[in-house]
Amino acid sequence: DIQMTQSPSSVSASVGDRVTITCRASQGISSWLAWYQQKPGKAPKLLIYAASSLQSGVPSRFSGSASGTDFTLTISSLQPEDFATYYCQQANSFPLTFGPGTKVDIK
Amino acid sequence: EVQLVQSGAEVKKPGESLKISCMGSGYTFSSYWISWVRQMPGKGLEWMGRIDPSDSYTTYSPSFQGHVTISADKSISTAYLQWSSLKASDTAIYYCARTGSGHNWFDPWGQGTLVTVSS
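These protein sequences, in sequence, are chains A and B.
Quick note on this note's numbering: the first sequence kicks off at 1 and runs consecutively.
Quick note on this note's numbering: the second sequence kicks off at 1 and runs consecutively.
Derived from the structure by calculation, the hints contain no laboratory data.
All values reported here derive from a predicted model rather than from experimental measurement.
Just so it is clear, CB atoms sit at the ideal spot from N, CA and C, and this is done for glycine as well.
No incorrect hints appear here.
Here's a subset of chain A near chain B, in silico, CB distances under 10 Å, partners left out: (1) D1; (2) G41; (3) P44; (4) L46; (5) Y49; (6) Y87; (7) G101.
Label pairs and their calculated CB-CB ranges: (8) A:R18 with B:K19: 43 to 51 Å; (9) B:K19 with A:S12: 36 to 44 Å; (10) A:S26 with B:M40: 20 to 28 Å; (11) B:S30 with A:T20: 37 to 45 Å; (12) B:K13 with A:G57: 37 to 45 Å; (13) A:T20 with B:E16: 44 to 52 Å; (14) B:T28 with A:S53: 17 to 25 Å; (15) B:S84 with A:Q79: 40 to 48 Å; (16) B:E1 with A:A50: 17 to 25 Å; (17) A:Q79 with B:G42: 24 to 32 Å; (18) A:S14 with B:T116: 33 to 41 Å; (19) B:G26 with A:S76: 26 to 34 Å; (20) A:G57 with B:L114: 20 to 28 Å; (21) A:S9 with B:E1: 31 to 39 Å.
Chain A extracted, bound-state conformation (with noise of 0.2 Å):
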């Protein structure tokens, strides 16, 4: 199985500031990775896939980039509405994994 790790698994933040999240894989996944946001209570909600495509409706201060094995995902100005948990997935094989999460909360 190819095994996702997220850095940090917390980060404490304020409105207005940027915010970047790390995903790595295990081994090569190409660009074949996804971000979703997941709030309390509600269904993950997919913001990037293919590594760096924002998916439609979704603002574009969101924005995901790739190096190798590692990916990243950006928020470049936070908003209220963006206080949540985000997960990377990887979409490359079988089966299917995803990043343990970062909680993104008020600073």
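Put chain B on the given structure of chain A with help from the hints.
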């Protein structure tokens, strides 16, 4: 609007059987795979398996193979996840989610079904 609507919360006893559902609307149901994802209380997301509704071909995660059964009825645009003998450790929220042809990311997701197994 593409939508997945799941069946309601369930409370069961250990050893009981259960089948939960996920109905798709707003798209051609048989053209997209449906996956099931588990989220245990306070924990992360785990992919359980998927089904192609057009022919009911399934792929399971080794972690869940033999413990659950995924099925679908394309005539009513519904996928199912079932257990023959529940355990307390099956207590979790279960999400269904759609994946497209040629990729394996999930969009949209159902609202989730909370399954509680307790004696």
